[in-house]
Every structure is written in C-alpha cells, then in structure tokens.
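Peer 1: Here is how the chains run, residue by residue.
Number of protein chains: 2
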Amino acid sequence: MHANPVLAEALRGNWVENRHRGAFILVDAEGAVIASGGDTERPVFPRSAIKSMQALAIFDRHAEEKFHHSQEELALACASHHGEDEHVSGVAHFLGRMGLSAADLECGAHMPTNSKAREALRAEGQPPSPLHNNCSGKHSGMLSVALAMGVPTPGYVEREHAVQQAVRDAVERVVGEKLSEDRCGIDGCSIPTWAAPLRAWALGFARMATGRHLDERQAAGAQALFDAATSHPHLVAGTGHLDTLVMAAFKGRVMQKGGAEGVQCGAIRHKGWGYALKCDDGNMAASHVMVAALLLKYADPDAAQRAVLEQFVRQPIKNVRGNAVGELRAVREAI
Amino acid sequence: MHANPVLAEALRGNWVENRHRGAFILVDAEGAVIASGGDTERPVFPRSAIKSMQALAIFDRHAEEKFHHSQEELALACASHHGEDEHVSGVAHFLGRMGLSAADLECGAHMPTNSKAREALRAEGQPPSPLHNNCSGKHSGMLSVALAMGVPTPGYVEREHAVQQAVRDAVERVVGEKLSEDRCGIDGCSIPTWAAPLRAWALGFARMATGRHLDERQAAGAQALFDAATSHPHLVAGTGHLDTLVMAAFKGRVMQKGGAEGVQCGAIRHKGWGYALKCDDGNMAASHVMVAALLLKYADPDAAQRAVLEQFVRQPIKNVRGNAVGELRAVREAI
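Which chain is which? The protein sequence lines are A and B, in order.
So in this note's numbering, spot 266 of the first sequence is number 266, and the numbers just go up one at a time.
So in this note's numbering, spot 160 of the second sequence is number 160, and the numbers just go up one at a time.
Calculated from the structure, these hints are not laboratory results.
Do not rely on the hints blindly, as some may be mistaken.
In this list, chains with the same sequence are indistinguishable; a pair is considered to hold if it fits within one copy or across any two.
DSSO-like, lysine-lysine: derived pairs with alpha carbons at most 30 Å apart [what the hints assert, rightly or not]:
#1 Lys178 to Lys318
#2 Lys116 to Lys318
#3 Lys116 to Lys271
#4 Lys66 to Lys116
#5 Lys116 to Lys297
#6 Lys251 to Lys116
#7 Lys271 to Lys66
All values reported here derive from a predicted model rather than from experimental measurement.
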C-alpha cells in the first residue's frame, strides 16, 4: 500500500521519536480541491467527526418541527461532550422534554472525559450514567428523530432501525455518494459507522457550509446546526478541548469536530470550504497537530485565533517530573 | 523518508481503520540477520526496553559485589513495574538495605500502572510516591552503582553524572557502538536516553543472551540479569502484562521487555538471538501485536506459550457497551 506522508512527528531531545502519517483534503462545494496530501480516496471511518452531518436527519424527518430543538440541543446533538455539568444537565433536559430519560439511551456509559467531572463522580462514589457518554447528545437527537417518525425507540442504534436508515440517507445525500455494507462497522456508542473517502467527507462539509447541492430543508438544517455548534462551542466538546477553543476563537467562521482514531472534519465557513483529515495510526493528539496546521494555513486566522491554533500545532512532551523533554509538532511543509 | 511496512492494523467491522508501521530485526550474536523488516538502521530511542542492558553497570562498577543484589532486586532493576504491592515493597526494601529511601529517587512520582493499585491508593486518599514510578527499581539499581563508585547520589539522573556515564559505557560496550549526543533525549524518568539503530539493540540482546563478544564480567552480569528477570517475571512488569505473561510462559527461554512509545526488545535465549522492534507511531498495543507475531514465528512456542502470544497478536476492540466491534491484529505476512 502506498504510504501517506508524515504530517506530524514527536521529537525527544534532538531526535525524532515517533512519526504520524495521514491524509487531508480541503475542497469547495463544487469539489474543487484547494489542498490535499496523501490518499484521499481511501475510505475512512469518520466516527464522531460527522455528528453534525448525522444530525441532519433531525431536519429531514421533521423532528425539528415537532420538538423545536433549542440551539443548545442542536449543539449537543453535534457533540462529543466531556460529561461536565452543563453537558449532563443539558442532555437530561433534552430527553425530559421529549418524555424520555437516560434509560432510553443505548450508547452505554463511560466515565466523563473531563478530569474534574470524573473526580467529582468518583468522590460521590457514583458510577457513570449514559448521560456522561460523550455521545449522549447525539443519541438524544436520534431519539427525537424516532419520535418524529413514530417508530419505537428501542433498538434505534441498530443499522436496520428506521432512525439509522434516516441518518444514513441524510449522510449519503450530503456527501453525494452511497455508503456501503462492504465498509461498515459499529461505533463506540453502538451506532453504525460507514467508511468513505476523505474527499467525500470534506465535500459534505463544504456543502453544509454553503447549502450548495443540498435541498432546501438540508441547507437550512446545516446552517442551523453549524450556527448552533459554533455559538455553543463548549457544549460540542468541553473545557480546554481543541474543538471548543477553535470554534470559540473563530466566532462562527470555523466549524470543527474531531472523531475517534485521529479524524478531524469541519468547514471554513466564510470561504465555503470543507476539510477532512485522518491520522493513519489513529493518534488523536497527532490529528490535533495536523488540523491546527491546516487551519493556520487556510482559515485566515487573526492573532487571537493564531494563538489558539499554535497551542495545538506544537505540543510539549513532558517527563514524569513535568519537565518538557520534547514536542509533538506538525510537519508544516507537508500541510 | 522511506516508509516502513504496515506491521499491525486495526479492523472495525469489515474495514481497516488504523495502520501501524514499524521495523523489526532478529539477529544472532555475530550480527547475522535471522529476519528483519523496514529500516533497521534508523536510530530509535529504546526507552525502557533496555533496562536490563543499563543494569549491566551494576556489575561493571562492582555494585553487585558490594550489595549482593538478590534476584528480586535485579529483576526490579530491569523492570517497568506496575506499582503493585510486591513492587513497591520490593523497591522500598532494596533502597532501605542501602541506607536510602524514596526521597533519594529522582524519577518523579506517578500513579501505579496497575488499576487495582491505583484505586487502592485513591481510596486511601494518598498521592503516589516515587516508589510507584514504574522505573523505581531501575533507579534503585543506579543508586547502588553510585554508592559502589563512591560518588554523591544527588543528580544521578543527569547525563554528566558518573552513574549515567557508567550506564552509557555499559550500553556502548554491549551494542558495540558509540552513542551520540546528536541523538539524545531525556526519558520519562529523567535519565538520558540515546537513539541507536534497531540492529544495534538487537545485537546487544543477542550478546547478552550468549555472552559472546562481552567481557567476563558483563557476560556473567547479563546472564544474572536475564535469569533474574525471567525467574521473576511479575516483578518486571505486572499482572496481565505481555512481558510478565510471556516470560512466565517461556520459563527462562525468552527475555522480553517493552519500552515506551512502541519499542520491544528481548532475546530468544535458547537460540542465542536478540530482537528489537519499534512501532513508528509509538502505539504500545500495536507493538505488543508485533512482538507477539515475532515470537510466534521465531521462538518455537509450545501450545501454552502459543496461547499466551495469541492473546496479544489479535486483540479485540470493544465499544462502550463492551461488545467486540473490531480487532487490532498483526499483519502476519509482514513479520
């Protein structure tokens, strides 16, 4: 197999210790390639990076007309949240408003991503609930789709369930190509995930950013979702996370979302461009380095935005005593 | 840069999600290559994988004559232990016997690697001590070298300190080449680490396994260290770890030790072969997959040994609900 380029490397002292290969692509809504590196036709699982795309089913299936989702609820539907108080109470309220509860979530439970939230839960001697699952907002959005469609909610995570069919359809229409059972898996939160080329994911984000080649309902939904996520960036991830800090700094001009195993997707909205990247080995920190380099180069950052991105494009590596002994950094000439 | 081969891959559903490249080499004590893949001349940091090699300074500098290290102490000197009771009490006893304590360790403190030990410490409301640091046994061994040399112990982790000079000298003599300041960094536990080709690390292990090309003192030291580590495999790592399980299963025939950022080194002692491998991206689980494949192919495993290695050569990937949704596995045709 042809090797993708090294896009990030970890230096220890004066020598490179680790190398992270990957591919990236930045396109406009017509599919014209602004920049790319590596094999962007190799199908990759987008994981949580396309939650905003999956949430289009809320609009397609008239759930938004039924429940009038708040901006906060739409942001949570796009989120990989950190299980902080605001996230947990937001999702609980979202479910309660639909007559549902944590018991209806089929995502499973895991400890909060946020360390303080984790410690607080431990101090209370409480196990995590499905509300703490980083995907609980997305699942709540999917439950709203089930209710709007009038289908039973149990099993809504299964590939054959009407909700997942609706999500698949929404995604296929946005990216403009069919997803295939030949490259399908189950995500961490138990819903199906479909591999498709980075080029397709980037194109979908460019279309969502511009509304081009989308029907009116999807175009309006995409704008509502991107507006919600970029207006409530803390709800989409959490304290200190790249997605939150970048979206806050760019004040609506960048939609940015990470997905497990080194995926980053988003849109530079004022340019109408979508992007997608994947670190071949799945390393998240390396994918942060890569996407920071991409946004530094293509998102026209001002000084404040640049400062945020520079926290991520070079990250110190520390030893046990807390001293910097190296750095994880982008291979800038490759991006 | 030429790309190393993909030696491990993570499958999700029916599609490859992540790819891990790397290089490996297996040599005899004369340097004849039994097997290799990828660029084995590219210098890599061996990290903790060469603790047994670093511990040769104990013999070179007559510390063993002064302190008559027990087998358990020698095993701990070779260890990246998990901070379980046996490890912590063993290191405390080792230090106490030399008139030293945890306060003399300069490795820093981190929570135990073992989850039960971590929970127990949290339940007691205690912070970790340097005894819990996975390197505390190695540091104790280095302190024994300082005392035997009659040099002050403070600063023993520094590159210019007599102890680290002794360790560097021991390593250079075993691998048969000079280490260079041009490829030097600081390890997680604050001691210097030097990058050298995988070929050199593998050769050093083959020489330690056979005593060939070593002086008498180093040859005896190498045998004592490998005997200690393989006789006390739980002290070298901990419950459930590959190093411990493999060494226990092979009953002295395999010396196996991992190092941070995807390094694996060791010796197939009954064949007189040394090996070294590095996962390019630093992923530890992928490096376990790789070394398990190497030992399955070249260490003549019996059924019980094969069963241990097969736990590692294919590892299930689970979702939040605990269902297997994929697997991390070796690319067997590449190793």
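Peer 1: Next step is simple, just say for each hint if it's right about the structure.
Peer 2: Status of each hint after checking the structure:
Proximity of Lys178 to Lys318 under the C-alpha cut-off of 30 Å is restricted to the inter-copy arrangement: shortest distance 27 Å between copies versus 45 Å within a copy. For a Cα distance limit of 30 Å, the shortest separation of Lys116 from Lys318 qualifies both inside one copy, at 21 Å, and across copies, at 25 Å. Taking identical chains as interchangeable, the C-alpha atoms of Lys116 and Lys271 are never at most 30 Å apart, the minima being 37 Å within one chain and 52 Å between chains. Taking the closest pair of Cα atoms, Lys66 and Lys116 never come within 30 Å of each other, the shortest separation being 36 Å inside a single copy and 48 Å across copies.
Taking CA atoms no more than 30 Å apart as the test, Lys116 paired with Lys297 passes in neither setting, with 34 Å inside one copy and 46 Å between copies. For the identical chains of this complex, Lys251 and Lys116 are intra-copy neighbours only, at 27 Å inside a copy versus 44 Å across copies, given an alpha-carbon limit of 30 Å. Taking the shortest alpha-carbon separations for Lys271 and Lys66, neither the intra-copy value of 33 Å nor the inter-copy value of 72 Å comes in at or below 30 Å.
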